[in-house]
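Novice: If you want the building blocks of each chain, they are given just below.
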Amino acid sequence: MPRQTVELRIRRQDSPTAASRWEEFSLAWQPNMNVISCLMEIRKNPVTKQGHRTTPVHWDCSCLEEVCGACTMLVNGRPRQSCTALVDNLPEGTITLEPLTKFPVVRDLQVDRKPMFDALKKVKAWIPIDGTYDLGPGPKQSAVEAEINYAFSRCMTCGCCMEACPQYNGRSEFIGPAPIAQVRLFNAHPTGQLNARERLDAIMGRGGLVDCGNAQNCVEVCPKEIPLTEAFGELGRQTTVLWLKQLFQK
Amino acid sequence: MAAPRIAVVGGGLAGLMATIRIAEAGGAVDLFSIVPVKRSHSVCAQGGINGAVNVKGENDSPEIHFVDTCRGGDFLAHQPPVKGMCYAAPGIIYLFDRMGVTFNRTAEGLLDFRRFGGTLYNRTAFAGATTGQQLLYSLDEQVRRHEAAGHVTKYEGWEFVGLVRDDSGRCVGLVALDLRTMKTKAFRADAVLMATGGPGLLFGKSTNSLINSGSAAAAAYMDGVRYANGEFIQIHPTAIPGADKLRLMSESARGEGGRVWVPRSQGDSRPPRQIPEGDRWYFLEEKYPHYGNLVPRDVASKEIHDVCVNKGLGVDGKMCVYLDLTHIPRATLKRKLEGILEIYEKFTGVDPCDEPMKIFPAVHYSMGGLWVDYERTADGFIDLGSPKNHQSNVPGLFAIGEAEYQYHGANRLGANSLLSCVYAGEIGGPAAVKYAQNQAKAGTETPSSVFESAEAKWTARFAELARREGPENPYRLHEELGRVMLDNVTIVRDNDRLRETDARILELMDRWQHASVLDNGQWANAPLSFMNQLWNMLHLARVVTLGALARDESRGAHYKPAFPKRDDAKWLKSTIADFTPDGPKFHYDPIDVSLCAPVERRYD
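Protein chains in written order, with our numbering: chain S, 1 to 250; chain Y, 1001 to 1604.
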């Protein structure tokens, strides 16, 4: 039985320092609705269920096809992209929308995920090419390897894994699952391997790989099904080898 | 002189490539983007990037790529830039390979290539069906590296609102709006590159990201930059509808063997798999035996329109046809098309490996854009040392990527957009550096008063918009704009309806004056920024509509049944619009077709 109306409960917050509050909205059901189109309906008529005029809900989004990562939020308590949250696939009853909790709120459902981008700098998540001038083809790679690496290169820096990770929080220095998996990606590339050690160094100290509590929540919520925990296992071996090497060099 | 300071607006493929090139040349870059650059619209490109690497023993070459592109564009593009791009393409693909893009590979470990529309060659390198995302990420990573080294300063969450021009008319900076504090600020620059993407939002819903309003390019146009070939809007034949946007189903689905069909008899309501071969009409294969399902997009969209609207054979009576992959092994589909199969299944709940996809045409790409120049060599290539490349009519203002008009003529070939974005960035960045170095007095040394007055103008403008109250809702006005543009300025165009459309846009402009800003807050106020964007979009919509009205011929994506033929005698010309307060003023420039003579386009 499809819904007649779509009931929403949205956590609103005017600014990073303001207190949050709940607002409720009731919309007429339409075919093909997703959470984004609900938010679009609200801004065309920003009135709460109780009939009070309010401001349009503020949220982040861009591609709307789950490749940019922008529209991540908590939908019924679960971190996910709101574009693929189709109304007809959500359980009956009120849909609850909240901002991610592991990042500072900018306004309403928009958060600041800058720490994730900073972490990519910290782990040197890039191939250190000599320059962009034409230097001919890159190194040969097996089709199988390329396919495995592709899975890791689809990470959208959306923040679902960070949100779900019990170790990633305000009290811990843990860098989080997403940037660690990028170390796995770049260390597997024939050119990236040349700097593998620098990247391992970045995740060997405090806040690095050892802070992973192996709760495995990250793989559960990753929208691209990136084998995050496999990456941690592999990097565990790489860092152990490096640690032993350093031990014997001393 | 000191290292030039260049502003790049937009962090998609073109903007990031230009940023890297400027940083490599020793320049400092201020990079502006409304979203974190990693979330730019380039991520939506799916199928691949073209380059005649010739790994399949087909004797493909950059010259054939060049001819395919000119012909695909119905000869409306200046040919030297197209030639430069096609010859640079193999090197560009190699560069991405070196940067670690996880391209699909052959058994030997080489890059794999597949077919795309408008060519008979396997020329498209790909990373599953998320190639744009993968290419963008590799540039994002390189830019982060330059950022860590101090060559690049990012302004993410800032929106370009206008140019700063000095007394001589030269562009010496820009004004941007901080989307959190809602304050405007002027920035100095020795040159500015616009890499702000396409205007899909003019049509309400399209395959474009929601950030693709075209507002920045429109603002540049309103500040004096010419806008060229605006009427050429690509309708992609294969997308799926949603309440919020239309989602692309890549041409690569057909490149990998996907077949387009409709039931032969009107109103056949059997589920697609129960319709036997004999009752299916593979209309593209039948009408175009040579290119089959891989005719260029303008041709495919026009045929779908004909089959669905004129012949009434659309699936469920709608503008809808089947795109069938079910004859291809699931493992092959997963390896080569996973990204789009996933999108289709997530949004429709149907597995396209089991069931033919229901697809619809959708607005996808603007061939037109800001007018830019180039310098050609005697042998028809681009003089890469010239500051003219990608420079607009406003000195110091450059445009690259979908925001400009240079490479695709009247219709873009699939997998040429990633290429043109990267190539434009590769040559546009250095051209801006060269321009800056040639200036006797740097743009950044312009007196403060010029920047102060530009900033004051925009601060006053937003203060005024922030007070707007009235009966109209800007998002509803936008929806109306989208509907009228979609109905009248897409696959089939008619002069009376184009005239009515312009009248409607004028009416919407009037109603915009009575729109409420909806939010009086001074922090992260999206409706305030949207009010400004909408005004710019309305102006740009007039450029598109009136350009289409004037062009009485059919060429590429511009199709008028009343003028069904291409008319080279009258219309082998670029449409060029100058902004005036009363609307666009058009003139027409000849096209350099000296390298590949225009012939009739045939794909049958």
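Derived by calculation from the structure, the hints in this document are not laboratory data. We put the beta carbon where it would ideally sit given N, CA and C, even for glycine. Take these hints with a grain of salt, some might be off.
[Said to hold, decoys possible] Cut-off 27 Å, straight-line C-alpha distance, at most; resulting in silico cross-link-like pairs (DSS-like, lysine-lysine):
{"#": "1", "chain 1": "S", "residue 1": "K44", "chain 2": "Y", "residue 2": "K1441"}
{"#": "2", "chain 1": "Y", "residue 1": "K1334", "chain 2": "S", "residue 2": "K121"}
{"#": "3", "chain 1": "S", "residue 1": "K224", "chain 2": "Y", "residue 2": "K1334"}
{"#": "4", "chain 1": "Y", "residue 1": "K1457", "chain 2": "Y", "residue 2": "K1441"}
{"#": "5", "chain 1": "S", "residue 1": "K114", "chain 2": "Y", "residue 2": "K1154"}
{"#": "6", "chain 1": "Y", "residue 1": "K1302", "chain 2": "Y", "residue 2": "K1318"}
{"#": "7", "chain 1": "S", "residue 1": "K102", "chain 2": "Y", "residue 2": "K1154"}
{"#": "8", "chain 1": "Y", "residue 1": "K1570", "chain 2": "Y", "residue 2": "K1560"}
{"#": "9", "chain 1": "S", "residue 1": "K140", "chain 2": "Y", "residue 2": "K1565"}
{"#": "10", "chain 1": "Y", "residue 1": "K1585", "chain 2": "Y", "residue 2": "K1560"}
{"#": "11", "chain 1": "S", "residue 1": "K114", "chain 2": "Y", "residue 2": "K1185"}
{"#": "12", "chain 1": "S", "residue 1": "K121", "chain 2": "S", "residue 2": "K224"}
[As the list claims (entries may be wrong)] Computed list of chain Y residues with no C-beta within reach of chain S, every gap over 10 Å:
{"#": "13", "residue": "P1036"}
{"#": "14", "residue": "M1099"}
{"#": "15", "residue": "V1101"}
{"#": "16", "residue": "F1103"}
{"#": "17", "residue": "R1188"}
{"#": "18", "residue": "N1310"}
{"#": "19", "residue": "K1311"}
{"#": "20", "residue": "W1523"}
{"#": "21", "residue": "K1560"}
[To be verified] Not everything, but these chain S residues come out facing chain Y in the computed CB check (under 7 Å):
{"#": "22", "residue": "S37"}
{"#": "23", "residue": "R78"}
{"#": "24", "residue": "P104"}
{"#": "25", "residue": "R107"}
{"#": "26", "residue": "A143"}
{"#": "27", "residue": "A146"}
Novice: Name the hints, by number, that the structure is in violation of.
Specialist: 1, 2, 9, 13, 14, 15, 16, 20, 23, 24
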